[in-house]
Amino acid sequence: MTVLVFVEHEDGAIAEASLEAATLARRLAGDDVQAVAMGGDHAGETGLGPITLHVADDERLAGGYAPAAWGRAVADVAGRVGAAVVMAPGTDRGNEVAAYVAAFLGQPMAANCTDVRPADPLEVTRVRWGGSLLEEATLRGSPAVITVSPHAVGVERAPGAASVATFRPPLQDDDLRVRVTAKEQPPAGKVSLGEARVVVGGGRGMGGADGFQVLEELAGLLGGAVGCSRAVTSAGWRPHTDQIGQTGARIAPDLYIACGISGAIQHIVGCKAAKRIMTVNTDPEAPILAQSDWAIVGDARAVVAALVAELRSGA
Amino acid sequence: MNVLACVKRVPATAGRIRLVEGDREIDTRYLGFTVSPHEECAVEEAVRLVEANGGSATVLTLGPEESVDQLRSAVAVGAQRAVHLATDGREWDPGATAGAIADAVRADRDAGMSYDLLLFGNEAADTGDYQVPVRVAHALGLPCVTGIKQLSVDDGRATAKREASGGWEVFDVPLPAVVAVREGINLPRFASVPGRLRARKAAIDRREPAWPGNALDMVRLVVPGGEDKRVEMLGQGPEAAPAAASIIRNLGLVP
Ligand SMILES: Cc1cc2nc3c(=O)[nH]c(=O)nc-3n(C[C@H](O)[C@H](O)[C@H](O)COP(=O)(O)OP(=O)(O)OC[C@H]3O[C@@H](n4cnc5c(N)ncnc54)[C@H](O)[C@@H]3O)c2cc1C
Ligand SMILES: Nc1ncnc2c1ncn2[C@@H]1O[C@H](COP(=O)(O)O)[C@@H](O)[C@H]1O
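Sequence order for the protein chains is A and B. Position 147, counted from 1, in the first sequence is what my numbering calls 147; the numbers after and before it change by one each time, with no gaps. Position 6, counted from 1, in the second sequence is what my numbering calls 6; the numbers after and before it change by one each time, with no gaps.
These are calculated hints, taken from the structure and not from any lab test. Glycine residues also receive a C-beta, built at the ideal position from the N, C-alpha and C atoms. A hint or two may mislead.
[What the hints assert, rightly or not] If you anchor each label on the Cβ, the simulated ranges turn out as follows: (1) B/31 - A/209: 50 to 60 angstroms; (2) B/196 - A/184: 35 to 45 angstroms; (3) A/194 - B/172: 22 to 32 angstroms; (4) A/41 - B/222: 36 to 46 angstroms; (5) B/157 - A/60: 17 to 27 angstroms; (6) B/65 - A/188: 28 to 38 angstroms; (7) A/16 - B/155: 39 to 49 angstroms.
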């Protein structure tokens, strides 16, 4: 059974989520794994091991990410090598490219798998509800297309250089109708939610947009970022860029301080990668306490104000 | 311009998910139903585009009889037309779902209703398949962008932006097109009282597509075994602040 893995890279360095997909591919198919990348110099160690790495080399692809064209290129290699399974990382681009491969080939796709088992039909475990539920499923079709849920598989880097096979994908005009035409860089200087070591989150229990003042102060003292729940963004108290959860940002700080947040599963899936959680809530029965390391029962504004004063006093 | 928005009925889970016997369904006895926040934003975007440019906003769902509730919610916030692709309640896989949506769009076109824009959520709240929009676009020969959090339409083209490593990727797309959006693209309005009244009386265009079979088949659902943590109570109210402060200091998090 040949497994073809679509890998993303930056200037030839294979992305972590793609190495995770390649690791799962080797568990499924042993040595019978090949990979495909869009351009790039892949000499030397890639982490993929001594496999065949198909590299699309085409000036029409040089102008920036073009989802359908990338999908066409991967589908082309899948056909030529007779892949039984096509894998991709469960990233924005990985899921999108995989969807094109599945659509072009008229085959099933299972997104965000955490495991795959060789069987006929192929068996997978995949995440639903952004991670709060798992599904065991089968895919009938060849190649079966699957994407691998980020952080679900520990990377095993395979030593050895890949043997690169360049190819020119059979692109159709329509494949190039949509492409990235410009990029806008992030504003400099702001600590992003995804990268902050401390995140101070506020929920409906903050009582209003003005309740976030004190959370800003605490985050400022700790060099962290402010986040919030969906109840807060829906009320218009904070912009959606601050939202943590299934339909917002995923965070992985050393400490998450959750204030006036009940802990709905859709919120928890966004913060479960936090190393520690400290909670402030008036309700000692709030579900978030079961996910927390420390809790203070009380009014969040008053508690956080006292915490800010305490940290400022510098004892 | 004519805009279509596709929504999917899902249980409004909040606490721990429970399954019914057989582990193939969520126990929804004590739950309400909703659609994905991404899809609420798709409906809002459709309504705003039609308010600005004229035309009509249509909401479509494929699902059981009860899905009509979700169509009415969309009418209540401003959609003019509602299409229900009625199923017998079994789960249609994303390939089957996309096929039925594409057929419905073709049928509307043949009846004189052509869409300039087909809006979707980026992923369904429950199954998170990440593929129905791309499959629909492919079936209809339309261009497609996904993950969109900013959209503007001008003179037969759309400019669509998606977040990438903190910044933005900008796409320029000829219409008609398929656009899958993310929550945050807009802040959906709440239904007004007249809106709710209109929704109650709205005509639903009901169709019954034939199920073509699934190629992605659910075997069972599993609630992940996330053990609860043993929480240490630091005390009540502001008096607990010193204990919290010393924990934060001990973690080395005070610069
Ligand atoms: C498909 C789907 C996707 C979703 N995606 C997300 C998502 O990405 N992110 C997200 O957050 N939610 C998401 N939700 C919504 C989620 O289900 C909850 O509705 C939401 O997280 C609740 O926000 P909350 O905890 O702020 O509000 P509530 O649930 O209302 O909780 C408020 C909490 O504040 C406490 N409180 C009240 N007053 C005070 C006070 N003075 N001091 C301290 N505590 C106080 C209360 O005891 C309570 O625990 C999603 C829902 C669905 C269906
Ligand atoms: N049963 C359905 N009825 C209507 N639209 C759907 C249905 N399933 C999926 N969609 C649409 O396709 C988007 C992506 O779904 P998915 O590919 O299943 O994650 C959703 O956000 C909806 O807009």
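Now for the hints, and whether the structure bears them out:
1. Separated by about 30 angstroms at the C-beta atoms, residue 31 of chain B and residue 209 of chain A break the suggested range of 50 to 60 angstroms.
2. Restraint check, residue 196 of chain B to residue 184 of chain A: a C-beta distance of roughly 40 angstroms satisfies the suggested window 35 to 45 angstroms.
3. For residue 194 of chain A and residue 172 of chain B, the Cβ-Cβ distance of about 27 angstroms falls inside the hinted range of 22 to 32 angstroms, so the restraint holds.
4. For residue 41 of chain A and residue 222 of chain B, the hinted distance range of 36 to 46 angstroms is satisfied, since their beta carbons lie about 42 angstroms from each other.
5. In this structure the hint that residue 157 of chain B and residue 60 of chain A lie 17 to 27 angstroms apart at CB holds, the actual value being about 21 angstroms.
6. Our hint of 28 to 38 angstroms for residue 65 of chain B and residue 188 of chain A is violated, since their Cβ atoms are close to 53 angstroms apart.
7. Between residue 16 of chain A and residue 155 of chain B, the C-beta spacing of about 41 angstroms keeps the proposed range 39 to 49 angstroms intact.
The structure fails to meet hints 1, 6 from the earlier list, while all remaining hints are met.
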